[in-house]
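**Q** All chains, please: the whole structure from these sequences, using the hints.
In case you want the letters, here they are:
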Amino acid sequence: MGPLDLDYMLGLVPVLLRYLPLTLGMAAGAMVLALALAVVLAMIRVSRVPVLDRLVQGFVSFFRGTPLLVQLFLFYYGLPQIVPAFAAISGIQAAIAGLTLHFAAYMAESIRAAILGVDRSQWEASQAVGMTQTQALRRIVLPQAARVAAPTLLNYFIDMIKSTSLAFTLGVTEMMGAAQREAAGSFRYFEAFLLVAVFYWVVVEALSFAQRRLETVLSRAYAR
Amino acid sequence: MIELQGLTKRFGANTVLNGIDLAIAPGERIVVIGPSGTGKSTLLRCINFLDRPDAGTIRIGDLTVDAARATKAQILALRRRTAFVFQNYALFANRTARGNITEALFTVRRLPRAEAEGRADAILRDIGLADRGDAYPAALSGGQQQRVGIGRALALSADLMLFDEPTSALDPEWVGEVLDLMRRIAEARQTMLIVTHEMQFAREIADRVLFMEGGRIVEEGPPAQLFESPRDPRTREFLRRVR
Ligand SMILES: Nc1ncnc2c1ncn2[C@@H]1O[C@H](COP(=O)(O)OP(=O)(O)OP(=O)(O)O)[C@@H](O)[C@H]1O
Ligand SMILES: [Mg+2]
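Sequence order for the protein chains is A and B. According to the UniProt record's numbering, the stretch in the first sequence is residues 1 to 224, in order. According to the UniProt record's numbering, the stretch in the second sequence is residues 1 to 243, in order.
You may find that some hints are simply not true.
Claimed, not checked - Distance windows between CB atoms, simulated:
(1) B:A25 with A:R48: 23 to 31 Å
(2) A:R138 with B:P172: 50 to 58 Å
(3) B:G214 with A:R48: 31 to 39 Å
(4) A:A223 with B:G128: 16 to 24 Å
Calculated from the structure, these hints are not laboratory results. The beta carbon of each residue, even a glycine, is placed where N, CA and C say it ideally should be.
**A** Rendered as structure tokens:
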């Protein structure tokens with residue numbers, strides 16, 4: 001096989017680039033869905049809605065307590081055997097659903113902690129001026145909690161981008177799948193996987209940079 | 001007319017308000033004094049249900065709320081007829097000074113933007129912060145923050161303004177400006193119920209002073225009478241200690 005084949009790697013760049021949008025798209029889609037779900041879950045926990053609260057606790061416990069890969073397999077390969085309707089779900093859909101549920105569980109806990117971290121006086125002042133609970137939450141408490149939770153949530157997004165590579169085990173040809181396919185054709189595993197690693201690395205570094213900028217901005221917010 | 005009848009509040013086995021009866025005339029300015037832990041804050045907080053009273057009724061104009069079976073709608077209505085000034089200011093941290101004043105005008109009163117902004121301008125001038133409207137609370141001094149807190153309460157045009165030790169958290173240098181502002185509000189005959197340890201201030205602006213101890217109103221009267229010739233030994237003892 002010999003030393004590193006740089007030409008081969010360069011030739012592979014446009015191939016992997018074609019799959020970058022799918023990788024980022026799955027992550028972005030799952031992130032939006034996970035955020036929405038996490039806010040709802042956090043809300044249920046914060047307001048201690050009787051039965052729902054216990055269900056959410058169970059949900060969070062399960063999705064944090066089991067590997068994402070197991071969850072994806074359970075979802076994609078297992079569930080259709082029990083519920084035939086799930087057979088129609090594509091690998092991409094299953095991956096997005098799995099990422100959503102998995103990361104929503106983590107994000108719900110961050111958001112819950114951030115909401116509980118907002119000073120009680122903010123609730124009281126909202127109520128004293130006549131706001132409803134929902135108004136207080138939407139206008140005063142959540143924005144302050146979001147500021148606290150934002151860096152953590154961005155961390156989860158970074159984690160999620162890397163986790164999209166697991167979609168390849170559901171037969172989805174995203175960036176990792178493409179690298180695997182190319183490598184299998186050329187037997188240049190090292191070059192292909194090194195390149196795909198660099199791809200993830202660059203994306204994550206770009207996001208980490210954005211994250212640091214965001215933290216500076218957030219630390220200045222409300223301080224003027 | 002504002003009327004409290006048999007207002008009672010317990011925290012566990014601890015009865016903090018022991019059947020408070022109080023009638024407040026429109027425009028009346030009442031100061032509540034008393035030792036620490038006698039339920040002064042709790043009284044104010046029960047009037048707008050920040051603490052939920054266990055029994056008694058609260059009447060503000062045509063709105064009568066029976067504490068034992070108050071509905072959410074009644075509680076909201078009560079809060080919309082009262083305004084509260086907190087000891088620790090409790091400004092909305094994510095709103096500017098102006099935003100603190102307009103917030104409830106938009107979300108609660110549903111005023112059109114121009115009208116709310118107009119009212120905020122007037123109030124910012126009133127509280128002497130016309131040039132600091134765009135500052136967030138974190139950038140304001142304690143005295144400025146409390147003036148915004150009072151401005152936020154003023155904006156509500158409440159039937160009753162509740163002040164819970166509005167100057168107790170302030171550095172001494174800022175107390176004067178906040179008391180001046182409250183004095184002007186009092187002069188405009190806004191109905192006020194004020195908990196404070198500022199006896200001189202109470203003497204100047206109060207129509208009536210209440211002395212509370214152990215969850216009860218022990219004694220009340222015009223400031224001259226209550227301060228100069230208190231009848232109850234507990235009042236005398238308290239006044240001797242704070243002088
Ligand atoms: N949320 C609460 N839970 C339990 N007990 C409470 C609570 N709030 C107040 N209390 C108790 O109720 C009593 C009256 O408290 P309150 O704050 O009304 O007194 P206060 O007259 O305002 O005192 P201070 O002058 O120190 O502000 C105290 O014994 C206090 O410990
Ligand atoms: Mg108090």
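**Q** Each hint: holds or not?
**A** Verification of the supplied hints:
Taking the beta carbon of each, A25 of chain B and R48 of chain A are about 42 Å apart, not inside 23 to 31 Å as hinted. For the hinted restraint 50 to 58 Å between R138 of chain A and P172 of chain B, the CB-CB distance of approximately 39 Å leaves it violated. Our hint of 31 to 39 Å for G214 of chain B and R48 of chain A holds, since their Cβ atoms are close to 34 Å apart. At about 22 Å, the CB distance of A223 of chain A to G128 of chain B agrees with the hint of 16 to 24 Å.
Going through the hint list in order, the structure does not satisfy hints 1, 2.
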